[in-house]
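Engineer: From just these sequences and the hints, can you work out the full model?
Residue numbers (this note's numbering), protein chains in the order written: chain C, 1 to 504; chain F, 1 to 330.
By construction, these hints were calculated from the structure, which means they are not laboratory data.
From a predicted model like this one, the values you see are computed outputs, not experimental measurements.
We treat Cβ as the ideally placed atom computed from N, Cα and C, and that holds for glycine.
Misleading hints may appear alongside valid ones.
Incomplete in silico selection of chain F near chain C, CB under 8 Å [what the hints assert, rightly or not]:
#1 TRP23
#2 LEU36
#3 SER303
As a plain string of letters, each chain reads:
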Amino acid sequence: MNFRPRARHLRIVVQTLFLVSFMILFVGLAVERVPGRVASILLSLDPLTAVGTALADWTIPAWTWIGLVILAATAVLGRFFCGWICPLGTLQQLVSWIAGPERRKRNKINRYRRWFSLKYVILTVILVWAALGADHAGWLDPIPLLHRAVASGVRPLWFGGITPGGWVAFGMLAAILLLSAWMPRFYCRAICPLGALLGVTARLAPLRIRRTGTNACSGCTLCLMACQGADEPLDNHRVSECHVCLNCLPSCAEDSLKFGLPVVGSGSSTPPLDVGRRRFLVTAVATAAIAPVLRATGGGEARTADAIRPPGALDESSFLARCITCGACSASCPTNVIVSDIGTTGVEGFFTPILKMRRGWCEPSCTRCGDVCPTGALTVVTPEAKQAVGGPAEVTIGTAFLDRGRCLPWGMATPCIVCEEMCPTSPKAIWLEPAEVRARDGRTVKVQQPFVDPELCTGCGLCENRCPVGEKAAIRVSSVGESRDPGNRMLSRRSEVGRSEDST
Amino acid sequence: MKEPRPDIDSSPTLGRRDLLKTWGPAALAGAAITALGAGLGGRPGRHQRRDSAAGQPPPDWRIDPSSPGRVAIAGGEGPRANLGRALAAMGGIDRFISRGDRVAVKPNCAWDRTAEQAANTDPELIGELVRLCLAAGAGSVVVLDNTCHDPARAFARSGIAEATRAAGGAVAHQNSTGTVKLDLGGVVLGEWEVLQPIVEADKLINVPVVKHHSLGRGTLGMKNWMGAIVGGRPGLHQRINQACAELGDAFRPTLTVIDATRVLTGGGPTGGSLDLVRPDDLVAVATDPVAADTWGATLLDFSPAELPYLAIAERLGLGTTDWQSVATKV
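Structural biologist: In structure tokens, the structure reads:
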């Protein structure tokens, strides 16, 4: 058997490298020694991350400019990102290679279909919505989608337990992989908004699959057998669909396909996208009409007690303009307190990170979630800013409240000091007052009853996490007092301790 | 006859035009993407943290900040005559109002209560003050408050809207006018939205009513500035004394006119029962807001020590609590 090295062999090596590095970097999210931005660099490679934040927030934060380099390269080379880099694409390719349709049926399943243009409609919705201030590209963008599915759907099998948001995120990944057993790269062809963005850009590419003028096409359809993008190299090649996998080159019976510049004298034309101007306009207008309604379901300015965002989060509307719901923060959290939300923060908050204190707590010395966030929706904070030592903390995520009916010393005449014992601030935000309470049998029981100082409480949730009162703690954190939103507060102003001149 | 140009047609190699057609779009797209990245890269974003747009400090509306303040007290002849005599003792309205001034008058008009119930400033006094300002050549007089009850009802029931309009002035409240963000400074205040006509006014006159308050014990001039700001005001009541003194520090009015025509001695700040209203028939005009409030406190039988904000205000250098040393009775 003689092995002839071809371009696609190089592609397979590159794909493998990126899939393996996705897995290594994912684990690295939780390893403090790996710099945070390096651990999340695959998310920064994603051009849709940069384009979405540029539209929603007029900024290209942190390392997301790398995505623009990919986008510019796409204008020369075509959708090489899809065929060579995207780990979700590689996974689908693996699935269809192992469990896909049999080889002789592939020339039918790999034909182009008009409904593949659905992805351009989805891209339009995402970009219009982003221009209105909410970047939801991450819901369907394959890189955040894969990160999220692994972070909140697979990782919790070992750490912390799965949540509804995790089930849905994992379900999306499972559905994508199952569908790719029916049609190779179904998601890339019909749904993927990143593929659509790259596809539109690829129409400019001078380098693409071309038919050489000398040899004719016999219509054998061998090129379709291994085609990933359903771009029909035998006919009028659809460069916007092509993943540059280069499988077609050696398959051609007439040896008349090449990847390169136009051949002199051959008048090849590219078919238009199957999204007419009217469909584009209707989609854009409908999105603009629906977006405010979805914001009214609880996103943006609405404040919810349980919507406790990770430390360093921007205020809610800025946060929604930046968060791509990749789940890097939850994958990086040492206590697994961060989950992908469904239901607490409205439709716009789907998959955004919130803290569930019964799973974990926000460790005062840890700033990992802000370090790994690729878009700066969570800003980088210092451990000192999170710690209330000698006075109120600069960065707080909420305030703990006692539920005296559930609290053992307050409601059950039973001694307990766990929340005070756990409180990590200095001085402790939770303090105890000795009290003598009457038990039912008439005995006098000496207990210590806890109180919370709202100025010192950072909302870290360690008290709630350790409270011995069953499934619903007797001390619970709610979002009021979070430093990111000056409107969501109860104290008139966090004052520097000792500066007060108030004598009352 | 033109000769065909041999370098364009029938050339078997790539021509200049072909080259542009092939590479031009890619080059343009690359340039556009690079420009986008260079322009937007690392920008803080359009959604700024809300506290980042810093407000300006408020202006100073006093006419002669360097000279010590005074208080003139007049009584016994009804609000109009009392105001006239007290003003005359202070040097006359012409000393304070110049031709063309935009004047803002801040009564206490917080409640849907009648004048007789004494929860708001007396409308007759407000009407007379507006008339005097316009007679002194003021370009415009706006009577305004951020009311606690519905503003239209409060301004109508109190009689202040009618008295103001009859005298030629205009009425404004939180629903009818815009706000400007100012940095009021202090420990508890910080940045607040302030009713726009106040910020734009050349002269500012504070006209509180003397009354009992369930939280601050007594409410007088400095507490009255709560009606100048818009936002989460209830939060300020946690540290009411510090907040009142800081409001007095932020708003330095041209004049303070204390209305003790009727004094609400209990059930404040809203009152309601006429049994709690005492007809004192007094008006004080002051350029020292601390002395003015201290005098008002004596009508409620409070010593300065019982209203801690007075001591804080004195420490902040806003005036003296020794009101007798600067007051004249006329």
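Engineer: Could you run down the list of hints and mark each one as holding or not?
Structural biologist: The hints, checked one at a time:
1. TRP23: holds (5 Å)
2. LEU36: holds (6 Å)
3. SER303: violated (15 Å)
The structure fails to meet hint 3 from the earlier list, while all remaining hints are met.
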